[in-house]
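Residue numbering for the sequence shown is 1167 to 1449, as defined by my numbering.
Be a bit skeptical, because a hint or two may be false.
Taking lysine-lysine and the PhoX-like style, the derived pairs with C-alpha atoms no more than 20 Å apart in a straight line are [unchecked claim]:
#, residue 1, residue 2
1, Lys1345, Lys1236
2, Lys1347, Lys1420
3, Lys1439, Lys1419
4, Lys1419, Lys1332
5, Lys1347, Lys1332
6, Lys1419, Lys1345
7, Lys1236, Lys1217
8, Lys1420, Lys1439
9, Lys1315, Lys1345
10, Lys1420, Lys1315
Label-pair restraints from in silico Cβ distances [to be verified]:
#, residue 1, residue 2, range
11, Asn1449, Glu1418, 48 to 54 Å
12, Val1292, Glu1214, 29 to 35 Å
13, Gln1238, Glu1364, 47 to 53 Å
14, Ile1446, Glu1417, 48 to 54 Å
15, Ser1338, Lys1204, 52 to 58 Å
16, Tyr1388, Pro1256, 43 to 49 Å
17, Glu1417, Leu1259, 38 to 44 Å
18, Thr1376, Pro1339, 34 to 40 Å
19, Glu1247, Glu1364, 21 to 27 Å
20, Ile1234, Asn1449, 19 to 25 Å
21, Lys1445, Glu1418, 22 to 28 Å
22, Pro1444, Asn1390, 26 to 32 Å
No lab work stands behind these hints: they were computed from the structure.
Predicted model only: the values in this text are computed from it and were never measured.
Don't be surprised by glycine CBs; every beta carbon is placed ideally from N, CA and C.
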Amino acid sequence: MGIGKTLVDRKVGDFCELQRDTITNSRSRRRNRRRPKKAAPPVQILVETCKDVFSSGGAGIVPPPQDIEKLQSVLDGITPEDVGLTPNVPYILTNAEQRISRITYLHIYVCENFSIGIFCLPPSSVIPLHNHPGMTVFSKLLFGTMHIKAYDWVVDSPSGSSAIVKPSENVSPETRLAKVKVDADFTAPCNPSILYPEDGGNLHCFTAVTACAVLDVLGPPYSNSEGRHCTYFRNHPFSSFSVDGISIAEEEKKEYEWLEERVLPDDVEFVGKNYNGPKIVEN
1167 MGIGKTLVDR
1177 KVGDFCELQR
1187 DTITNSRSRR
1197 RNRRRPKKAA
1207 PPVQILVETC
1217 KDVFSSGGAG
1227 IVPPPQDIEK
1237 LQSVLDGITP
1247 EDVGLTPNVP
1257 YILTNAEQRI
1267 SRITYLHIYV
1277 CENFSIGIFC
1287 LPPSSVIPLH
1297 NHPGMTVFSK
1307 LLFGTMHIKA
1317 YDWVVDSPSG
1327 SSAIVKPSEN
1337 VSPETRLAKV
1347 KVDADFTAPC
1357 NPSILYPEDG
1367 GNLHCFTAVT
1377 ACAVLDVLGP
1387 PYSNSEGRHC
1397 TYFRNHPFSS
1407 FSVDGISIAE
1417 EEKKEYEWLE
1427 ERVLPDDVEF
1437 VGKNYNGPKI
1447 VEN
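Given only the sequences and the hints, what does the whole structure look like? Please build it.
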C-alpha cells in the first residue's frame, strides 16, 4: 500500500539527517534492539487464537476442551473499547416509535474456518430464533442487558437410532420438538457463552432489554454453498400439537416447544456497518 512506502521514505530521510556520532553509537543501537515489541491488540489476539482453535475444524467438529477454554479466556478479557465500540453509537440508540428491529452487524473477520462479528441491538429489538447448523458458537455480551432463549432439538432413540420428533397432527413438515435450555436475562459483564452443534442451545433468540452488543465467533461460519444457511423459526407451546410415543409430565411441558421453520420476519432488518476498531493484520 502507498501508506507503507511513504512511511519508509520518511524514515529513511530522517535517518540521513542524524548526526554522525548518533549513527555510530552502538550502545544506543543495542538499547533499541532490546526494546520489547508492542503488545498486539486484544482483537488481534482473538483472531490468532481462533486460527489455532479452528485450524482442523469443520461442520460438526467441536474443538478440544483445552482449546475451548483458551478461546473463552481470550473473549472474557475483551471490552467494548478493544473493538472500538461504545454504548452511545447512533445506530444503537433508537426512539420508542421505531417499529422495525434494526440490528447492525459489524464484520471483523471471516475465513473458511470461522467468522467474527458484532451484533448491535437497540432497546427492545430482536434477533429472531435461528439455528447454527454444524457450528460451535462463542458469544460475549459486551455491554447492556439481553434476554436469551435457547433450545436444543429433541431426538427420540428407542432402538438406539436418533429420530426427529415431529407432531402427529397434519402440520408443517418443518415443525420439530425442541427443549428449552436457556430462558433468562444476562447483563454485562458476564461470562462468554458457548453452544455446540448438537447441544448447549444451538437454536437461540436474542431480545435487547437495553441497548446492547454481542461479539460472536462462529466456527465454521455460515455457508450456503456448503449447506450451512441460517434458518429462522416460530415457536409454539407444547400443547399446540401431540406426538406419538412420547409422554411428558404436565409440570415439564413448559420446558418443551414446537419450532416451525419460517422466513425472516418483515419487522426485522439487518444492516452492515464498518468495523472501526483496531485493524486486523495478517501474519
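Each hint, compared with the structure:
no., hint, verdict
1, Lys1345 to Lys1236, "violated, 29 Å"
2, Lys1347 to Lys1420, "holds, 11 Å"
3, Lys1439 to Lys1419, "violated, 42 Å"
4, Lys1419 to Lys1332, "holds, 16 Å"
5, Lys1347 to Lys1332, "holds, 19 Å"
6, Lys1419 to Lys1345, "holds, 9 Å"
7, Lys1236 to Lys1217, "holds, 12 Å"
8, Lys1420 to Lys1439, "violated, 39 Å"
9, Lys1315 to Lys1345, "holds, 11 Å"
10, Lys1420 to Lys1315, "holds, 13 Å"
11, Asn1449 to Glu1418: 48 to 54 Å, "holds, 51 Å"
12, Val1292 to Glu1214: 29 to 35 Å, "holds, 33 Å"
13, Gln1238 to Glu1364: 47 to 53 Å, "violated, 19 Å"
14, Ile1446 to Glu1417: 48 to 54 Å, "holds, 50 Å"
15, Ser1338 to Lys1204: 52 to 58 Å, "holds, 56 Å"
16, Tyr1388 to Pro1256: 43 to 49 Å, "violated, 27 Å"
17, Glu1417 to Leu1259: 38 to 44 Å, "holds, 42 Å"
18, Thr1376 to Pro1339: 34 to 40 Å, "holds, 39 Å"
19, Glu1247 to Glu1364: 21 to 27 Å, "violated, 36 Å"
20, Ile1234 to Asn1449: 19 to 25 Å, "holds, 23 Å"
21, Lys1445 to Glu1418: 22 to 28 Å, "violated, 50 Å"
22, Pro1444 to Asn1390: 26 to 32 Å, "holds, 30 Å"
Checked against the numbered hints above, the structure violates hints 1, 3, 8, 13, 16, 19, 21; every other hint is satisfied.
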